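A.B. asks: So the sequence shown is numbered by my numbering: it starts at 874 and just counts up by one.
No wet-lab data here; the hints were simulated from the structure. Just so you know, not all the hints are guaranteed correct.
Computed list of lysine-lysine pairs in DSSO-like fashion (alpha-carbon distance at most 27 Å, straight line) [stated by the list, open to error]:
hint, residue 1, residue 2
1, 1115, 898
2, 1184, 927
3, 1239, 1155
4, 1155, 1050
5, 1048, 1155
6, 1058, 1048
7, 1309, 927
8, 1058, 1092
9, 927, 1010
10, 1155, 1145
11, 1210, 960
12, 1026, 1155
13, 898, 1008
14, 1215, 1226
15, 898, 1005
16, 988, 1031
17, 1010, 1239
18, 1244, 1048
19, 1226, 1205
20, 1008, 1244
21, 1026, 1115
22, 1155, 1244
23, 1010, 1309
24, 988, 1184
25, 1008, 1208
26, 917, 1145
27, 1031, 1210
28, 1008, 1215
29, 1215, 898
30, 1005, 1210
31, 1224, 1244
32, 1145, 1005
33, 927, 1244
34, 927, 1215
35, 1244, 1309
36, 1239, 1145
37, 927, 960
38, 917, 1309
39, 917, 927
All figures in this text were calculated on a predicted structure; none of them were measured in a lab.
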Amino acid sequence: MQIKSSFILLFFIFNLLIVNAQQEKIISFDEVLNQVEKNNYTLKISEQDNTVAKADYNQTNSVFLPNITVSHTGITTTNPLMAFGSKLNQEILTQADFNPALLNDPNEIKNFATKIEIQQPIFNADGIFMRKAAKSKMNAVELQSSRTADYVKLEVTKAYMQLQVAYKAVEVLEKAKEAALENKKIADNNFKQGYMQKADILSVEVHLTEVENQLLTTKSNVKNASDYLLFLMGENNEATLKPSTNLEALINLSIYDEQLSVNRADIEAMQKSTEAYTNMHKANKMSYLPRLNAFGSYEMYDDQLFGTDAKGYLVGAQLSWNVFEGFKRIGKTQKSKAELDKAELSLDQYKNKSQLEFNKAKRDLKDAENKLKLTSLAVEQSNEALRIRTNRFEQGLEKTSDLLISETQYLQKQLEYLQTVFNYNYTKAYVAFLTK
């Protein structure tokens, strides 16, 4: 019976380990990036913005290409004018049709007309500049999409590092829990032998509970960070991701020599957007010029459906000049000029703000580097202090409260160091993002 119970217990533990292994998925940063490039929603939406901008630009081909329409119309009429014209178009008019009685009161006539019409723009100055504006907008959207991809990569980098921090924090807290449990055993033995008071035992138990609560919270943070990374990857499953590499600080001094690039995709996008407003303003001014368009049609008439017995064509050109349109055109020109001025000011503001942001990021990186050294030293010092107090506590030479203070301080310094490593690595990635 005992053997059977042991077998069931081992079988249960084995299945539990398999389930945990299936739920936890080790993944590298490059694998995450590959999945993000394929499935990220933000990138897919950005691609659709590109498609929309290209479609808007393609519409401006109408400035050069003809407009062709084909129609087939059927009528039946006794209207004197329409009946006479229909016979004339069908080329069936006879001398008898000029009889005043028939002209004034014609018989019912059917007419079917097939018409092919072509309108060809020759000179539309405003349309040309509208096309240039659409192209500048398309280029701006393409550049902005490129910058969006850079931002998504930065966000993925941040999320991956947050997952690394969360796992490392779990390791730290599990070790802290082990140490707290060991100290609790020592405290229990000392209490049984009368060397310790009940209040000290309760303090040890409270400290252990606090560490356990922190551990549970940190494990939840692991799942939260994993879920967010899965969201960025465009996946929806219950697996818990685990980084294939550990969190470590990689000092890079050369990054301080980097400068803000004026060719950065988002800055170039702003410049292209300003070009679009410039061309829009020119287009509104060019609308004062006349337009020249050619037109032509080929017509076929018959008294039968889709008949083509009678044929004729018409070719011509039209020079039109909209001299005055109330105050509408003047107002549009004034509005486009104001929008252009606003775009130029926004571009200057964005450049200055980007430089300000870059300078601040480099200072933040330097601060993070200095803090990294200080927190690393603080971890070593608090670890040594805890080691000394633990040895003295085991010998009954140290107060319980002092030991708990040292344990708490060491735990805090380790967690603070992890956060500092994250801050340094992320700030370094952010500075690289600003210089790209």
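A.B. asks: Sort out whether residue 1244 lies within 27 Å of residue 927, counting only the CA atoms.
C.D. replies: Violated, at roughly 48 Å.
A.B. asks: Check whether the Cα positions of residue 1008 and residue 1244 lie no farther apart than 27 Å.
C.D. replies: Violated. Residue 1008 to residue 1244 sits at ~48 Å, over the 27 Å cutoff.
A.B. asks: With a cut-off of 27 Å on the C-alpha distance, tell me whether residue 927 and residue 1010 pass.
C.D. replies: Holds - the C-alpha atoms of residue 1010 and residue 927 are around 9 Å apart, at most 27 Å.
A.B. asks: Taken at face value, is the distance from the CA of residue 1155 to the CA of residue 1048 at most 27 Å?
C.D. replies: violated, 70 Å
A.B. asks: With the threshold set at 27 Å, check whether the alpha-carbon distance from residue 1309 to residue 927 stays at or below it.
C.D. replies: Satisfied, since the Cα-Cα distance of roughly 25 Å is no more than 27 Å.
A.B. asks: Would you mind confirming whether the straight-line C-alpha gap from residue 1184 to residue 927 stays at or under 27 Å?
C.D. replies: Status violated; Cα separation ~41 Å.
A.B. asks: CA of residue 1010 to CA of residue 1239, is that 27 Å or under?
C.D. replies: violated, 38 Å
A.B. asks: Holds or violated: residue 927 with residue 1215, Cα cutoff 27 Å?
C.D. replies: Holds, at about 25 Å.
A.B. asks: Residue 917 and residue 1145: Cα distance at most 27 Å?
C.D. replies: Holds, at roughly 22 Å.
A.B. asks: Does the structure keep residue 1026 and residue 1115 at a Cα separation of 27 Å or less?
C.D. replies: holds, 18 Å
A.B. asks: Would the pair residue 1239 and residue 1145 pass a check requiring their Cα atoms to be no farther apart than 27 Å?
C.D. replies: violated, 34 Å
A.B. asks: Mind checking the alpha carbons of residue 1210 and residue 960 for me, to see if they're no more than 27 Å apart?
C.D. replies: At roughly 56 Å apart (the allowed maximum being 27 Å), residue 960 and residue 1210 break the hint.
The structure shown violates the earlier hints numbered 2, 3, 4, 5, 11, 12, 13, 15, 16, 17, 19, 20, 22, 27, 29, 31, 33, 36, 37.
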